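Student: Below are the chains, spelled out letter by letter.
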Amino acid sequence: MRKPYSKFFARTDVPLKGPRFLQLPWRSRARIARDIDIELSFHLEMRVAELTAQGMSAADAARRAREEFGDLELTRAYCRTMDESTDRTARISDHVADWRQDLRYAIRTLRRSAGFAAASLLTLALALGANTAIFSVAHSVLLEPLPYGRPESLVALHETRATSPSERYQLSPANFFDFRAQQRSFTGIAAYNGAPFTWLPDNGDPQFLFASSVTANMFDVLGVRALHGRTFAAGDDAPGKDRQVVLSYGFWERALGGNPAVVGTRMTLSGRTYDVVGVMPRGFTLGTNEDLWVPMDLSEAMADAVRSRKQHYLRAIARIDTRTTLERAGADVSAIARRLAAQYPEANTGLDALAVPLHESMTGKLRPALLLLQGAAAIVLLIACANIANLTLSRTMGRRREMAVRAALGAGRARLARQLLAESLVLAFAGGVIGVGVAVVATRTLLALNPDTLPSMFTATVDGGVLLFSLVLTVGIGLLMGLVPALHVARVDPQESLKEGERGTSQGRGGERVRRVLVVAQVGLAVMLLIGAGLLVRSFRELTRVQLGFDPDRVLTAQLRAGGERYDSPDAVNRFYDRVLDEIAHGPGVAAAGAVTILPTRGSVGSSVRVEGEPVDEANIPEIRYLAVRRDFFKALRIPLKAGREFDASDAADGPKTVLINEAAERRFFPRGDALGRRIRIGPDPNGEPMTIVGVVGDIRAEGFAVPVPPTLFANHRRETWERSLAVVIRTSGDPASATPVLRRAVKSADPTLAIRDVRTLDDVIGSSLAPRRFALGLVASFAGIALLLATIGIYGVLSYAVASRTREFGVRLALGATERSILLLVLRQGLAWSLFGLAVGVGGALASGRLLSRMLYGVQPLDSTTYVGVVGGLVVVVAAACLVPSLRATRVDPIQSMHVR
Amino acid sequence: MKPTPPEMLQGTVDILVLRALAWDSMHGYAISRWLAARSDGVLTVDGAALYQALHRLARRKWVTSSWGLSENNRKAKYYTLTSAGHAQLRTESATWTSYAEAVFKVLRPN
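Taken in order, these protein sequences are the chains called A and B. Mapping of the first sequence onto our numbering: residues 1 to 902, in sequence order. Mapping of the second sequence onto our numbering: residues 1 to 110, in sequence order.
Everything labelled a hint here was simulated from the structure, so no lab data went into it. Model, not experiment: these values are computed from the prediction. Ideal placement from N, C-alpha and C gives every residue a C-beta, glycine not left out. If a hint is listed, it holds; no wrong ones were tucked in.
Below, a sample of chain B positions facing chain A; criterion: calculated Cβ distance under 7 Å:
| hint | residue |
| --- | --- |
| 1 | Gly-47 |
| 2 | Gln-52 |
| 3 | Ala-58 |
| 4 | Ala-76 |
| 5 | Lys-77 |
Same shape as in the complex, but just chain A (with noise of 0.2 Å):
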């Protein structure tokens, strides 16, 4: 029926319906509009009835009413535009209070459940502060430009073999010359190579410092400049204007206090007098943290024809030119190497040359190291999601009611998912504020604790595109873990789950399902880490061990030198070291105790060898390594004896002289296997004094690990008196920085004006090498121990879940006469049988994916059977642990109780 004053508003085209007393929160412009047209004309009608009534006619009362109004048009939009404003704002208002309602009521029932919230935190902050600190690094080192002008055009000049040519070596300085004097694709080349000084300062003791030298055009090369004074200029690596020096910015802060005056004083370095020209900037290096750099004169090395093509240990640095490219440059390196290798077959056969770009040269060793620490961290992030996944579906379970009561009330599903995904938002905040402080912490202590660890241009901190990933990965996980117990909300039937709730006992099917998969997941992917961690500890410690020869680790060494007068005659000097090394090895917390010439990997002495009752072809006489040794230094190094005896007393006195030797030089000079007992005599003289070999010792590395392990020989240091310095060597059984008191108190007893020099770990000696390794190392078998202990949390959760939703059938069970070890076996089959069946399938996964690590193994292959039986037998044993707690539980259940429990 048609109201009588909508003539009014014959635009009105919204029909009108039954009045409605509860107002929507919000609403649509047309129903705005036609909310102010029903004000307007109830009030058009009100007065039109009263004037009415007043005894007008209808139609004067009607055009009566009109014009008091006033400006009916007018008013209707300017009420609509009011209207439309005010919906738009409560809108909004109504958003920002709902959402703070539900982060309200979402910290409200975390604190409620702080059991629950405690375990996820640690679980995110972990797995976050894990990612973090990584991809801090990994950020750092594999993203961030080298510290140089134009660091992209900046290339690393590498030596390498036709046939292999991953293998990399250093340029020879003949070679070096040939390269820079032929090549057409770049505006310079330097070169560099490590040069440690002794720094006498005016007063103090002296100091031992890490130095480059360099040709003088580096820091062009390099496109740096001198923070104060200059760099080198061209000529000054020239002979003779070689004693010049330019400090680094930290030694120059540390040693000189910071002060500019420095420059143009001089400074005594190894004896010699140097001119201070300058102070680079902070963070300038070339990747080893020196404190100083000195020009290189090459002139003499060049004076051997020979070795300086020979002898590879140049650093090589080069910039391309502009007009050219990194492909253009490797063919021109490559074609100069292919031109000295026909010129100089003796020498360079074989030999090829490639440009690499400086930061790939720099980071290559890290980039797969860091690449397997960010997929460990991904994965423990992985298993962390799953855990909390878990946790939060088997409380929504719990909540199944509330949440089934908030339905009835009238809850959308949306605004009940909304509130799950807040408190997990809410849960992943704090993990991510707490995982980013942990981060931080983290990479600051380990990088503290691991100085070699990255080249120092490299420093690792967590800036804004840390923070970033941090804050994706933190909203990632939020709503991930949100999301499966909201999207089980909104499948669930309120009317059911109330009714399920009042009986109080079955668990939903879907939800458990969904957590045994996330129990399968977890397990699998901790068996993977660990499996990959296991191989890398082994691949470790086949690479200490064996690569090595001998063991690194908790040996503390120093230099001594029985100097002077005094030690002018062998007794003497066997009195001196004798003693010394008496009371070392007697002393609390040593293990063993022996002396070197030269601690392994510093080198060595060659000297010709003639093998008594072989011919000798007098042109080509061979060379062998020589080192003489004291007391116990294979015992103090773990070097194995592999045949014969080590010296012992019979030896001391003036009978024949006896030598071991190693395995190279067995396989060199014996190949039959006979060497006990053969003489053999070294040096230059065919008629010296003979030697007797009386052992075969294991072959150590002396040099890197590129170069084969030289024929060495070990005499017998109490016969070979004539070299003063030895290399004190102390095994021992904590920490090695505990026995500095022993040896000094030792020295000083047994020669009071006697010094001692460089008392550091051996692991400090031959450290840079495998620091990186052993770092990434433990941050693997934490990451894998942190992914075991997630997982055993997560099946002890679910399993206990179980349980406890059981309780009353396990009651009626009981009741009915079931005996406690059946129901104990009937749980513990449960956990077991997802267990095993996660166990399953982390192994399937570590052996498909165990070709990834297999770069990263040493020694050891991807599928090395004990890793593998020894992860799943560990794993076994910690998850049956895990199962047996709630099936314990389980068989205490009072049947009685039970039937009680809602």
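Given the structure of chain A, go ahead and fit chain B onto it with the hints provided.
Tutor: Only chain B this time, still in chain A's reference frame:
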């Protein structure tokens, strides 16, 4: 009935409407009746000004509205003063009173 004088300002209508709602919820028509009765027919606010004021006040959250049934069983929009509206009424009344007193003082024949 005289039409609303043109100098009747927006702010004036607003405070009159707030005052009208001070004790009870009302619909727009009732407010206009109340104002006319209260001022002995001197102050009459036309419909346009009244409804614009009401929706403006709702926008400022000084009044809220809800649908209800009128005396003659018609659907009508009822307005209620919020606590912010009460506060506004108090301050505006004080300002207005002192203003009116000042004007009165000036106009008073000596």
